[in-house]
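Undergrad: Residues per chain are reported as follows:
There are 4 protein chains.
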Amino acid sequence: MEGAHPEIMRRLNEINLDKTEGYGIDPYSAHAMELIREACQAPKAEVRFLVGGTQTNAVVIDSMLRFNEGIIAPQTGHINVHEAGAIEACGHKVIPAKAVLGKIDLDALETYLETFTEELNAVGWEHYVVPRAIYVSMSTELGTLYSLAELTRLRGLCDRFNLYLYIDGARLGYALAAPACDVTLPDVARLADVFYIGGTKVGALFGEAVVVTNPAIQVTRGHIKGRGAMLAKGWLLGVQFETLFTDGLYFKIARNAVMQALKLRDGLVEKGYEIYLDSPTNQQFVVMPTKRLETLSQKVGYDVICTLDAQNTVIRFCTSWATTDAQLAHLISCL
Amino acid sequence: MEGAHPEIMRRLNEINLDKTEGYGIDPYSAHAMELIREACQAPKAEVRFLVGGTQTNAVVIDSMLRFNEGIIAPQTGHINVHEAGAIEACGHKVIPAKAVLGKIDLDALETYLETFTEELNAVGWEHYVVPRAIYVSMSTELGTLYSLAELTRLRGLCDRFNLYLYIDGARLGYALAAPACDVTLPDVARLADVFYIGGTKVGALFGEAVVVTNPAIQVTRGHIKGRGAMLAKGWLLGVQFETLFTDGLYFKIARNAVMQALKLRDGLVEKGYEIYLDSPTNQQFVVMPTKRLETLSQKVGYDVICTLDAQNTVIRFCTSWATTDAQLAHLISCL
Amino acid sequence: MEGAHPEIMRRLNEINLDKTEGYGIDPYSAHAMELIREACQAPKAEVRFLVGGTQTNAVVIDSMLRFNEGIIAPQTGHINVHEAGAIEACGHKVIPAKAVLGKIDLDALETYLETFTEELNAVGWEHYVVPRAIYVSMSTELGTLYSLAELTRLRGLCDRFNLYLYIDGARLGYALAAPACDVTLPDVARLADVFYIGGTKVGALFGEAVVVTNPAIQVTRGHIKGRGAMLAKGWLLGVQFETLFTDGLYFKIARNAVMQALKLRDGLVEKGYEIYLDSPTNQQFVVMPTKRLETLSQKVGYDVICTLDAQNTVIRFCTSWATTDAQLAHLISCL
Amino acid sequence: MEGAHPEIMRRLNEINLDKTEGYGIDPYSAHAMELIREACQAPKAEVRFLVGGTQTNAVVIDSMLRFNEGIIAPQTGHINVHEAGAIEACGHKVIPAKAVLGKIDLDALETYLETFTEELNAVGWEHYVVPRAIYVSMSTELGTLYSLAELTRLRGLCDRFNLYLYIDGARLGYALAAPACDVTLPDVARLADVFYIGGTKVGALFGEAVVVTNPAIQVTRGHIKGRGAMLAKGWLLGVQFETLFTDGLYFKIARNAVMQALKLRDGLVEKGYEIYLDSPTNQQFVVMPTKRLETLSQKVGYDVICTLDAQNTVIRFCTSWATTDAQLAHLISCL
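First to last, the sequence lines map onto chains Z, E, H and W.
Each residue of the first sequence is one higher than the last, beginning at 86 in my numbering.
Each residue of the second sequence is one higher than the last, beginning at 86 in my numbering.
Each residue of the third sequence is one higher than the last, beginning at 86 in my numbering.
Each residue of the fourth sequence is one higher than the last, beginning at 86 in my numbering.
Same shape as in the complex, but just chain Z (with noise of 0.2 Å):
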């Protein structure tokens, strides 16, 4: 990982010594969260911005759920492993669905939706966790999109089952910038009831932008501020999102990575490495030797994915806005 684009870092330093109002009721912010506004075609949408990832998944969840309700989310879901229970930890079940590359299995989850809503009937809701969310990333964990009809069929299913859905878009930039994605800002904005804009993976030093399309949910900043994710200096968010959100550069820094990881796919694939799933977006999962990895570790920097036999095991190569053709030229070269 990098720090910030160097625009974002511009900006922050240009107006470091001004004197500006704390926690998040600044002018910047007011702005950013108008640029936002325009971008998703949602004039009335409640914008909100945190600091990371776990928290902003955590309030929004806690916004949407009351007792014994629960959101659904794929089995590999961010939520559902990589977040130290913080949902948990809020009071709210994770309902594990079945995934698919990192997607909820749609088919699989209309059955569940409707056998589950049954039982709920027969025995009694109130022995339950009922479902209430659904989440789903964007791209997912494993780099892959759900298309314009699969999230117009999921958007379907909330409003038969009565279900928020929430998407978590930690790295919406990524998706939104794949040449094989059809959805677009407006469409997320359409769809969801609420979602949010990565900002820490996509350019920004830290910072989510939460966006509340449906008024139903209230995401109230006395609920930020208790859980500990309104900053102080609010206006460092609002800076930065204010810039991601002019003249495209948000956009623009996401393709880069995505046009930077499609080459490196086909330059691995040149190369005879087998592609251990097929991502159009900035990570890249590919299977290595094993025994290579101790010289490569020294080189490049990837993450280990897992162990997928005796003699091989699957890393992830992720690409930025501040990928470079040399060193995607370099990369090659240690493989």
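By construction, these hints were calculated from the structure, which means they are not laboratory data.
It should be emphasised that the depicted structure is a prediction, and the values quoted were computed from it without experimental measurement.
Some hints could be false.
No distinction is drawn between identical chains; accordingly, a pair holds when it is met within one copy or between any pair of copies.
[Stated by the list, open to error] Using 30 Å as the maximum straight-line C-alpha spacing, the simulated DSSO-like pairs for lysine-lysine come out as follows: (1) Lys348 to Lys376; (2) Lys104 to Lys384; (3) Lys337 to Lys356; (4) Lys384 to Lys356.
Let chain Z serve as the given structure and place chains E, H and W on it in line with the hints.
TA: Same frame as chain Z, now just chains E, H and W:
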């Protein structure tokens, strides 16, 4: 469901007008604790009386886990499906494990623990919910039993992976009384770190006796009180368990129920019904033509478990200490 | 403390062997709810039966408050001092208010609400715990009473400052039965948004009946279940409240206790003891020379309240439905 | 408020494009921890970096307390009034103690602890919230200081009553830099069980450094992560604290602020203003005619603290590392 065994009612009536100290520090409770320690052959165990199963599970599990620790339970375990999110409401994740006929699949569990431990070590445990305890029910929600060999293997896994073993004994009496059961109460006390002996389902008006044999787990009176699980007239619990553990009443009650259940099973088989799953205890699951249910429900009590196919439904009959031969004969005649 | 009123025991014995549906959806509970709605002249009220006071307070208050909202309680209120942090364990702050003899000081409360509202508006409510409800006990923990004028003023403050009024009626019977009380049960139902009618302290083995008159507050069955406060054999609660609200038994029980308490007070005064505080209900507080306590404690039951000075201790006597003239005479003869 | 000290911005810019490991296990963080341990003369202390004060208080306090344990705080303490119920949201009661000018009244505290301990022993601790820790701020929310003698006495009370001492050091720099302060950083580390060194208010963009000197308290990385308080690009915290604790920058920053504040106080007195309370640190509280505020607010920044009487308001000026003589002169000229 019926009320309490007549001997319990007799005792409750007998002392009804006595003035007794409240909140469980009465002599009946003290005596009952002593009787339970003896029956368990666990002279140093801490015994606590609570009112019902859900609050017992919540308080015990909340006592075992710290932040970002979770408890593994079979997918079908009561805490995972039937307690309205009571464990999550205390801030803890229930980690579902593969189950077969209500029992945790020990091979799958071992593989999961090995693999997940590797992942924790590789990625950093701070991002995950770390398993810290295992929950099993004896007998299970489906009437099935763990053998002594299986419980011993489970204990071994707990020792190897630094986990507590917690046994939900809501139906413990029916398990121990089953001819097919090779586990004794002292075995349970020796193998579990903490468990409870269910009263509500085995002859009491209400009440569960928690037995803590591992002193590292402290189920404190303050915790019980603050979770609303301390009965003001606590002696009502003490008197009931004193009665149940005098002259082996608890085991007699359970034996009658199990024997009648096995007779019922034979009667069902004889009449040509398909037994849905082979339960050696007081719950019997049978496949019934759905169209017969309307008539049947006016004559006898049962629970609907699930729809098997277009024509058939699985239903459950539960016997108890109060089930008589005449009732059985009537039930079978209705089928 | 003793058990239940004989009429309640008679009924529990009578139906003990009947098979009754569990979890509170039985006909006894339905009938008891109806009787309570009638007694309250609140035909649309929602009635719920829970086992004990602490769990009742926790579930009701958790149902009223959202994130960073709190409940105001007199400094000496049960939820602030005697429930082991049950409200905080559900995530909510108890905001202590000045109390005089167990009653919230209404002048001080009004000033506080005015001042604090200004502060919230000036600084931003998101940094504070915002009062959303007021908790009072009737009678209070010190046996004192709110007059109708005081409750009406409290209601007015609640309306003005957008607060719910919650009345803890663990001892409601003793309040309503006091000759000094000018409040009726329908008054309570009309003025409070939610309250409970205590059974545990007024003739039942256990049980509290929550009455919700404001439909904006939903005390759901799922919430009760998930907090471990739903009794499996729920009809035990229904039968007890059915009995208490048949032929005015609840009020007869309370009246006897209060009348005996007032006789006791007269006896104490006659013998020259100093009454510590003037209680018009079933609790009497008296100043006793500390050196007499050792002898006294072997003859009669009382609670130590506090050390008054080097020579004297304040103790409390509680009467009940079961207190007889003979017992009173014995007690006074011991003093 | 302004951003960060220029030296911090310089460093953040310098390493912005470096690839650094996330989640706080980077070399900058490790070095900063080492520098802090040295400055504290606490070679075995555990140091953790979090983003903001409210989340820091919540995580630290949640790490210290078990069920039905509470933390004593001065009535005016930040956790009791200004954090939107963050501590209660983690399930714990803040027990308010009498405060004078922001400082806990030690005589009153001692009496309370003695009396309450007696009550706990007499009635049974399980019914209460048991004090387990004491929270104080240094400097306090009103700019006042504890002397070394006072902190030592507080430590003694903690030892006697088995309490942890936790010092909120959001403004610790300004305390230590005050000429009137006789406490050093090693004193704080020696007397507290855990404390934090505030970065947000003392030259950083954001960040607080928790220092745990009592190994019985474990502020784990899993807890920090699960409360949403672990920064993905954790090195941003490490770099800032590394810079603050290199060449004594932290203390220089604080010294400038305090010196300017004292000059400001002299200027205010000279102009005839009444100083509301005598603060020896960077916050100055002054009585201002209310009618002057409208004009004043257009020229300089201040916070309204409270309405003093019909004509006057108490306002607060805060200085920082960035406050210059010219700014001071301008401010005084406006008054």
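Undergrad: Against each hint, give a clear statement of whether it holds in the structure.
TA: Against the structure, the hints:
In this homomeric assembly, lysine 348 and lysine 376 come within 30 Å of each other (Cα to Cα) only inside a single copy, at 25 Å, whereas the closest approach across copies is 63 Å. In this assembly of identical chains, lysine 104 and lysine 384 lie within 30 Å of each other by CA distance solely across copies; the values are 13 Å between and 44 Å within a copy. Taking the closest pair of Cα atoms, lysine 337 and lysine 356 come within 30 Å of each other only inside a single copy of the chain (29 Å); across copies the shortest separation is 56 Å, beyond that limit. In this homomeric assembly, lysine 384 and lysine 356 come within 30 Å of each other (Cα to Cα) only inside a single copy, at 18 Å, whereas the closest approach across copies is 66 Å.
Taken one by one, the earlier hints all hold for this structure without exception.
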